[in-house]
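Trainee: Take the sequences, apply the hints, and build the full model.
If you count by the working numbering, then the sequence shown holds residues 27 to 372, one letter each, in order.
These are computed hints drawn from the structure, not numbers from a lab.
Heads up, the beta-carbon is just placed ideally off N, CA and C, and yes, glycines get one too.
Certain hints may be false.
Below 27 Å or equal to it, Euclidean Cα-Cα: the simulated BS3-like pairs (lysine-lysine) are [to be verified]:
no., residue 1, residue 2
1, K157, K346
2, K335, K346
3, K114, K148
4, K48, K335
5, K114, K335
6, K101, K85
7, K114, K101
8, K157, K121
9, K346, K133
10, K335, K133
11, K323, K101
12, K114, K48
13, K157, K48
14, K252, K157
15, K335, K323
16, K335, K157
17, K101, K48
18, K121, K148
19, K148, K252
20, K346, K148
21, K121, K335
22, K157, K114
23, K133, K148
24, K335, K148
25, K355, K133
26, K157, K323
27, K48, K323
28, K121, K346
29, K121, K48
30, K114, K323
31, K133, K121
32, K133, K157
Label pairs and their calculated CB-CB ranges [unchecked claim]:
no., residue 1, residue 2, range
33, N218, F117, 26 to 36 Å
34, P135, F54, 41 to 51 Å
35, K133, M102, 46 to 56 Å
36, A95, C178, 19 to 29 Å
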Amino acid sequence: MKSKEPGTIRQLFAFVGENNGKMLLSIFLAVLGELFGMGPFLMVAVLADALYRGTATPKLVLFLCGGAAVCQIIKMLLTWRYSLMSHKISFTILKNIREAITDRMAKVPMGVMLETPTGAFKNLIVDNVAKLEDSMAHFMPELPSNIAAPLCSILLIFLLDWRMGLAALVTIPLGTLFFAAMMRGYGPRMENYMRSANEMNSALVEYVNGIQVIKAFNRSAASYGKYADSVRYFHDSTMAWWSQCWLWNAAARAVLPSTLLGTLPVGAWLYMEGSLSLHVFLVALVVPLGFIAPLMKVSEAMEQVSMIKGNLEQVTAFLKTPELVRPTKPAELGERRYQFEDVHFA
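Mentor: Given below as structure tokens:
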């Protein structure tokens, strides 16, 4: 029975090491910061309701404005703190990954090192690992926080009026459909992207390292042609992939944030029917606007998950290369002696 591979997040946490507690703390701070970031939207809804009812006073306005400012300041401080922690941890993870790769390079058979192009190792150690830095520094703490804030907001709206809660969610299925269309054929395309990137880097390193020999034997055209072909193929295949995604990506980004498509007509109809109070209507209009940015970050995180997975597969594939079988103790020579006699070298 084939063993199940650990998930992408679990593989990343395997390289966190002793900083596991700090990573969890940064995630908690990120979630807390997003919750405070929803505060100003609630303040605006309460203020609008008070203005409409005629119960707003200078003291209430100052209190709500001050509360919104305090929430924003707390969010800024928490964002600064968790971002600093997550970036330090991400560089620690990169260090651990690169150390694991170089340690494995010292233990694999020499045949593996000779058969693998130099550019492939350069791409593995430098490019593949470097692509993980930004994703880890932002993805790991921000994904839970960007999910928690919209969930709390939607829960609040459902508690006030379940009909408005459903109306606020109407754009999510549409956006999900567009993102699903964008991800069509992702597996083969990502595999081709990683392979062509490795081939391009290998051709580049081989061309630069062998430039003296290439010039000496007048092989510039053939060698440069190989490098140019790899760059051209990488460019064309990547642009073909992106052109297939642009339309669906634009549609998803246009539809997903437009929560007013559901809340405004449904809320107006319910309010005119007399089954929805004004303050609930205002809260249902304003609060969903606050989780537009987190929802867009979640959609971007889905792309980052795929990129992290693709780069981690390259790393883990090399780390699983069998080591050279080494003897556990020095070889013992018998009494028979070995000696060279009449050996000559030309």
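Trainee: Now tell me if each hint is right for this structure.
Mentor: Hints versus structure:
Between K157 and K346 the alpha-carbon distance is near 21 Å, which keeps this suggested pair within the 27 Å criterion. At roughly 16 Å between alpha-carbon atoms, K335 and K346 fall within 27 Å of each other, so this suggested pair holds. With a CA separation close to 24 Å, the supplied pair K114 and K148 stays within the 27 Å bound. Distance hint between K48 and K335 is fulfilled; the C-alpha atoms sit about 23 Å from each other, no more than 27 Å.
About 21 Å separates the Cα atoms of K114 and K335, which keeps this hinted pair within 27 Å; it holds. Distance check on the hinted pair: K101 and K85 sit about 24 Å apart at the alpha-carbon level, within 27 Å; holds. Distance restraint check for K114 and K101: the Cα-Cα separation of roughly 20 Å lies within the 27 Å cut-off, and the hinted pair is therefore satisfied. Proximity of K157 to K121 is assessed by CA-CA distance (about 13 Å); at most 27 Å being required, the pair is judged to hold.
A C-alpha spacing of about 11 Å is found between K346 and K133, which places the hinted pair at or below 27 Å, so the restraint holds. A C-alpha spacing of about 25 Å is found between K335 and K133, which places the hinted pair at or below 27 Å, so the restraint holds. For the given pair, K323 sits about 17 Å from K101 by alpha-carbon distance, which is consistent with the 27 Å threshold. Using a Cα cut-off of 27 Å, the hinted pair K114 and K48 holds, with the two alpha carbons roughly 10 Å apart.
Taking the CA atoms of K157 and K48, the gap is near 22 Å; set against the 27 Å cutoff, the hint holds. Pair hint K252 plus K157 holds up; C-alpha atoms about 26 Å apart against a cutoff of 27 Å. Taken as a hint, the K335 and K323 pair is honoured in the structure, with Cα atoms around 18 Å apart against an allowance of 27 Å. For the hint linking K335 to K157, the alpha-carbon distance of about 11 Å falls within 27 Å, and the restraint holds.
For a cut-off of 27 Å, the pair hint linking K101 to K48 stands: about 19 Å separates their Cα positions. Using a Cα cut-off of 27 Å, the hinted pair K121 and K148 holds, with the two alpha carbons roughly 15 Å apart. Distance hint between K148 and K252 is fulfilled; the C-alpha atoms sit about 18 Å from each other, no more than 27 Å. The hinted pair formed by K346 and K148 meets the criterion: a straight-line CA distance of about 18 Å does not exceed 27 Å.
Restraint check for K121 and K335: the C-alpha separation of about 18 Å stays at or below 27 Å, so the hint holds. Taking the CA atoms of K157 and K114, the gap is about 16 Å. The hint holds against a cut of 27 Å. For the given pair, K133 sits about 18 Å from K148 by alpha-carbon distance, which is consistent with the 27 Å threshold. Simply put, K335 and K148 have alpha-carbon atoms about 19 Å apart, close enough for the 27 Å limit, and the pair holds.
Note on K355 and K133: the hinted pairing holds, with a Cα-Cα distance of about 17 Å set against a maximum of 27 Å. Between K157 and K323 the CA atoms are separated by roughly 18 Å; this keeps the pair inside 27 Å, and the hint holds. Taking the CA atoms of K48 and K323, the gap is about 22 Å. The hint holds against a cut of 27 Å. At most 27 Å may separate the alpha-carbon atoms for a hinted pair to count; K121 and K346 meet this at roughly 18 Å.
Of the supplied pair hints, the one linking K121 and K48 holds, its CA atoms being roughly 17 Å apart against a limit of 27 Å. Distance hint between K114 and K323 is fulfilled; the C-alpha atoms sit about 21 Å from each other, no more than 27 Å. A distance of roughly 19 Å separates the Cα atoms of K133 and K121; the hinted pair therefore holds under the 27 Å criterion. For the hint pairing K133 with K157, the CA-to-CA distance comes to about 25 Å; that is within 27 Å, so the pair holds.
Restraint check, N218 to F117: a C-beta distance of roughly 30 Å satisfies the suggested window 26 to 36 Å. Judged by the Cβ atoms, the range 41 to 51 Å given for P135 and F54 holds: they are separated by roughly 45 Å. The supplied range of 46 to 56 Å is met by K133 and M102, whose beta-carbon atoms lie about 47 Å from each other. One distance hint, 19 to 29 Å for the beta-carbon pair A95 and C178, holds here, with the actual separation near 21 Å.
When each numbered hint is compared with the structure, no violation occurs for any of them.
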